[in-house]
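Please model the entire structure based on the sequences and the hints provided.
There are 2 protein chains.
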Amino acid sequence: MNKYHGRSTTVLRPRNTKEVSEIVKHCNERRIGIVPQGGNTGLVGGSVPIKDELVISLGNMTNIRSFDDASGILVADAGCILQSLSDYLAPHDHIVPLDLGAKGSCQIGGNVSTNAGGLRLLRYGSLHGSVLGLEVVLPDGTILDQLTTLRKDNTGYDLKQLFIGAEGTLGIVTGVSILAASAPQASNNVMLALPTFDNVLPLYREVKRQLSEILSAFEFIDRRAYDLAVKHGQGRALNESDVEGAECFVLVETSGSKREHDEEKLNTLLENLMEAEPSLINTGVLASSPAQFASLWAIREGLTESMSKEGKAYKYDISVPLHKFKEVIDTTRDHLQSKGLMRDDAVKHVVGYGHVGDGNLHLNVVADAYTPEIESALEPFVYELVAKYKGSISAEHGIGVMKTHALPYSKNAVSIEVMKRIKHLFDPNGIMNPGKVLEL
Amino acid sequence: MNKYHGRSTTVLRPRNTKEVSEIVKHCNERRIGIVPQGGNTGLVGGSVPIKDELVISLGNMTNIRSFDDASGILVADAGCILQSLSDYLAPHDHIVPLDLGAKGSCQIGGNVSTNAGGLRLLRYGSLHGSVLGLEVVLPDGTILDQLTTLRKDNTGYDLKQLFIGAEGTLGIVTGVSILAASAPQASNNVMLALPTFDNVLPLYREVKRQLSEILSAFEFIDRRAYDLAVKHGQGRALNESDVEGAECFVLVETSGSKREHDEEKLNTLLENLMEAEPSLINTGVLASSPAQFASLWAIREGLTESMSKEGKAYKYDISVPLHKFKEVIDTTRDHLQSKGLMRDDAVKHVVGYGHVGDGNLHLNVVADAYTPEIESALEPFVYELVAKYKGSISAEHGIGVMKTHALPYSKNAVSIEVMKRIKHLFDPNGIMNPGKVLEL
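From first to last, the protein sequence lines stand for chains E and A.
Its first residue numbered 1, the first sequence is counted upward by one per residue in UniProt numbering.
Its first residue numbered 1, the second sequence is counted upward by one per residue in UniProt numbering.
Read the hints as simulated data drawn from the structure, not as lab findings.
Watch out, some of these pointers could steer you wrong.
Identical copies look the same in the list; a pair holds intra-copy or inter-copy alike.
Unchecked claim - Straight-line distance between alpha carbons at most 27 Å, and here's what the computed DSSO-like set of lysine-lysine pairs gives:
hint	residue 1	residue 2
1	LYS339	LYS315
2	LYS18	LYS390
3	LYS348	LYS423
4	LYS25	LYS420
5	LYS25	LYS423
6	LYS312	LYS25
7	LYS390	LYS324
8	LYS420	LYS324
These figures come from a predicted structure and were not determined experimentally.
And the structure:
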């Protein structure tokens, strides 16, 4: 890194793509490291300088360039805040096919650069499918204009895909063309209590079969996580007596175009589940009002806050096969137990929750304090566990600077070697977000 | 090309990835050109040797490696025929998120390599979203194993995307991991006659709003194309008196999980459309039986055959903004008229049809015979027209060998330069499907 002599603590805020291009060209000629920055809401340090890189903030580039309400195609500057795009689309009966907790400050360019997942992935798929075009300033300052508004275009390599999830290491995304979805007319949800984790997969299968195209979320919450949410007053849903003996919970959401139809499907599903012998569920609560809909979601969305009220959370955002969710949580807890770390003044809770539909488990280890002892018990243990199941050590948060050392647990040597060659091809001087994704 | 000394007319049919790797390594060391070949159903010559390249057919690699009916993730050898995969998934209540006319012989590896579009794209999105992993033999024989079965994995660059649509020029796809969709429980369709093309977009907007998540096709057919289909006995749907004065037609398909709900939505749509003043449509016919459903589709699917019965068809598979569909057809006809070519012994018909939802127009110029005069009147005229609207000269068929010269009409110089550098990075000896996508 000592070949970079950027002015540290400098943040530039260009107003348009041409200015970005000129800055990058200047930096490339002088070998000045650059960190592209969107809303700076990432969780793995991808938008933070390591040393003395120049920060290029996209925050001044906030124009919506075009929207076609027939095709649903939106073209916007990279600095547009996700919530602003949602607000812009609402009167046009469309939504961004992406929703995140950080929507109030994250930017669409950052979303694309980190391949953000979030709550709508089950329904609308990943950004690799919904992003139609990008405008990118390459590390030598060249503007790569692939800002097409076409849904189909099979003319040569789909270069834009490389920048989706590259975390700003191959260039700076300055413009995004994305396919917005029709706004659903009605949403509903139901919280289900399950006697055993073994029922989660049969339940998922049944729910997919019955709800099919209106299913928009299938979220798993293990018992300990649920209890912590309740303890800390997040949401309020099921009677204590009803959930006695429940090993885990599932929150199902529907979104569709006709409320009566969707409610009928959801009611029928719940009746079928309750009447089945043996039943896959202990009980289920269907939201009967917007307030209850919000209250059921509040349990799921309040989990992060509950953890932080309990102590310091080690958070692992992993993908593993669905049927291994519980095994990963239990094995981690057993491992910490065997190290004598499951005690009130060390690790208090090992809990799991996440997007079953996406195979994405959020494993949380809540400790009294962050300590080297706990950390060394957890890493590389968790990464090795994920690798054993051919999982991903970062389902949606990315690699950033925090996980570069762990990349080999999810990507083999050939893949990493090809990534390095791609990086070198685009950025031979290594100025673009150095030390992110790939180690220096 | 004269640096390649492969044994022409040689076809090798390896049985597994290791054999593919060994063959490719051998060829790379001896600078022998290779053409990877799937079902050989492409329309732009992408799987045909230009000179004396060795053909590697994937036809012997037909194993289904795994299927998980909870997640819907299917892993299969590249040589699996699309129809075989459909047949395999049917008893598991799943479908391949891709459907093509050539499904009886095209292979999933070829589908991925050409980024095939087809009839389900409107509903299930492109392969860039539904393909989860690939196994690829690189041009030096190295096996790049990215055959993950994870729906989410943000660990480094998404390399597999480069091979989707690269038409075998960067490596040979040998294995595919793909997200299958839940099989719809019910499908229905309606054929609508429109007084004027100007109503197509308002109609599309209204249909999307009312049918939303169950809309699975919105196909446009212009009057001349419809008349040719009827003339040649393709399907049988609307009364002659009802369609008098109709300028074009739209076929709408729904697919959903509950027949009664879907039919109610479709009936309501049709009633609303008929009752509106002024109405967007002249008339509409709703399929009331599986036979009628098939008969309505037969009009759309019989268009290609009708053209070939009328004469020789120049076919352009283009993407242009939706509101330009008619303009492109009319402008082309006017241009041929001005050249004196619109006459019975030259160009008989200029017709258009296609996937409105995808912005994909199939422009067909039906002539008495293929002649240099017609060809030079059409090209580069049509490509320039597409470029003027920032469209794509190949929406779904790809570039192959037929359109390499036309690539600059849809991709700018910077994009093509980056493509060339990517090609050189993966295939410095130029052995992998030489002369396809990029000119030699």
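Taking the hints in turn, this is what the structure says about them:
1. LYS339 with LYS315: within (19 Å within a copy, 69 Å between copies)
2. LYS18 with LYS390: between (43 Å within a copy, 21 Å between copies)
3. LYS348 with LYS423: Answer is neither: 42 Å inside a copy and 53 Å across each miss the 27 Å cutoff.
4. LYS25 with LYS420: both (22 Å within a copy, 22 Å between copies)
5. LYS25 with LYS423: both (17 Å within a copy, 25 Å between copies)
6. LYS312 with LYS25: This pair counts as neither: shortest intra-copy Cα distance 43 Å, inter-copy 52 Å.
7. LYS390 with LYS324: within (11 Å within a copy, 47 Å between copies)
8. LYS420 with LYS324: Result: close neither inside a copy nor across copies, 32 Å intra and 43 Å inter.
Of the numbered hints given earlier, the model fails hints 3, 6 and 8; all others are met.
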